[in-house]
Amino acid sequence: AQRVTQPEKLLSVFKGAPVELKCNYSYSGSPELFWYVQYSRQRLQLLLRHISRESIKGFTADLNKGETSFHLKKPFAQEEDSAMYYCAQGTYGQNFVFGPGTRLSVLP
Amino acid sequence: NAGVTQTPKFQVLKTGQSMTLQCAQDMNHNSMYWYRQDPGMGLRLIYYSASEGTTDKGEVPNGYNVSRLNKREFSLRLESAAPSQTSVYFCASSVLGANTGELFFGEGSRLTVL
Numbered sequence: 001a002q003r004v005t006q007p008e009k010l011l012s013v014f015k016g017a018p019v020e021l022k023c024n025y026s027y028s029g030s031p032e033l034f035w036y037v038q039y040s041r042q043r044l045q046l047l048l049r050h051i052s053r054e055s056i057k058g059f060t061a062d063l064n065k066g067e068t069s070f071h072l073k074k075p076f077a078q079e080e081d082s083a084m085y086y087c088a089q090g091t092y093g094q095n096f097v098f099g100p101g102t103r104l105s106v107l108p
Numbered sequence: 001n002a003g004v005t006q007t008p009k010f011q012v013l014k015t016g017q018s019m020t021l022q023c024a025q026d027m028n029h030n031s032m033y034w035y036r037q038d039p040g041m042g043l044r045l046i047y048y049s050a051s052e053g054t055t056d057k058g059e060v061p062n063g064y065n066v067s068r069l070n071k072r073e074f075s076l077r078l079e080s081a082a083p084s085q086t087s088v089y090f091c092a093s094s095v096l097g098a099n100t101g102e103l104f105f106g107e108g109s110r111l112t113v114l
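As given, the protein sequences belong to chains B and V, one line each in that order. Going by the numbering used here, the first sequence opens with residue 1, and the numbers climb by one from there. Going by the numbering used here, the second sequence opens with residue 1, and the numbers climb by one from there.
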């Protein structure tokens with residue numbers, strides 16, 4: 001079965017520090033990988049997807065097939081980045097699988 | 001456009017009571033989903049509807065039923081609520097299957113079963 005793991009339940013960093021949210025997936029083929037974010041009192045929304053190779057709000061994520069990872073990175077964290085982050089995997093013919101989520105807290 | 005709208009936002013039930021969560025989307029999406037969100041568990045798929053007229057079980061379907069009423073609406077019913085169904089429920093939709101595109105979520109419905 002597909003599985004997405006996010007080892008950190010909570011990650012606290014100071015404003016301006018680099019941040020890396022870890023994500024590992026189990027599928028051995030070529031999955032579609034996504035990061036979703038849920039800010040306080042807002043609905044879940046797509047942050048970025050690996051296929052578009054874009055940077056959203058300063059965040060980037062690189063797919064590493066050898067390590068089956070899709071870590072989310074930002075060089076300088078901002079207080080407004082505090083949110084719940086979910087890594088998700090989509091595989092053709094199957095449904096999305098979400099990781100358990102990591103709560104990012106950016107301290108002033 | 002309202003996107004994905006779900007009601008009610010909050011509900012408290014007693015064990016054994018029934019209720020229906022309603023979801024509607026105005027984006028002409030084919031696929032719709034119901035997830036539950038529990039601390040430390042992430043989002044788990046309860047049921048989904050790949051297209052109008054079809055529904056399929058997800059990861060945690062026990063205790064739930066769904067109806068894809070038309071292309072816009074996808075309801076989730078708890079026939080006999082149990083405390084283990086206390087959770088936040090999210091409806092979502094996508095243009096095609098979820099793995100091929102972006103999921104659009106509703107604001108969530110917080111359900112407490114006493």
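Bear in mind the hints are in silico, worked out from the structure with no lab data behind them. Treat the hints with care, as some may be off.
Listed below are several chain V residues computed to face chain B (Cβ distance under 8 Å; list not exhaustive) [said to hold, decoys possible]: (1) 42; (2) 88; (3) 90.
On a predicted model such as this, the values are computed, not experimentally measured, just so you know. Heads up, the beta-carbon is just placed ideally off N, CA and C, and yes, glycines get one too.
Worksheet item: How about residue 42 of chain V: closest beta carbon in chain B under 8 Å, or not?
Response: Since chain B brings a Cβ to about 4 Å from residue 42 of chain V, closer than 8 Å, the hint holds.
Fill in: Hint check: 8 Å Cβ-Cβ cutoff, residue 90 of chain V to chain B
holds (7 Å)
Practice prompt. Please verify that hint: residue 88 of chain V, Cβ, nearest Cβ of chain B, below 8 Å or not.
Written response: At about 10 Å, which exceeds the 8 Å cut-off, the nearest Cβ of chain B leaves the hint on residue 88 of chain V violated.
In summary, the structure is inconsistent with hint 2 from the numbered list given earlier, while agreeing with all the others.
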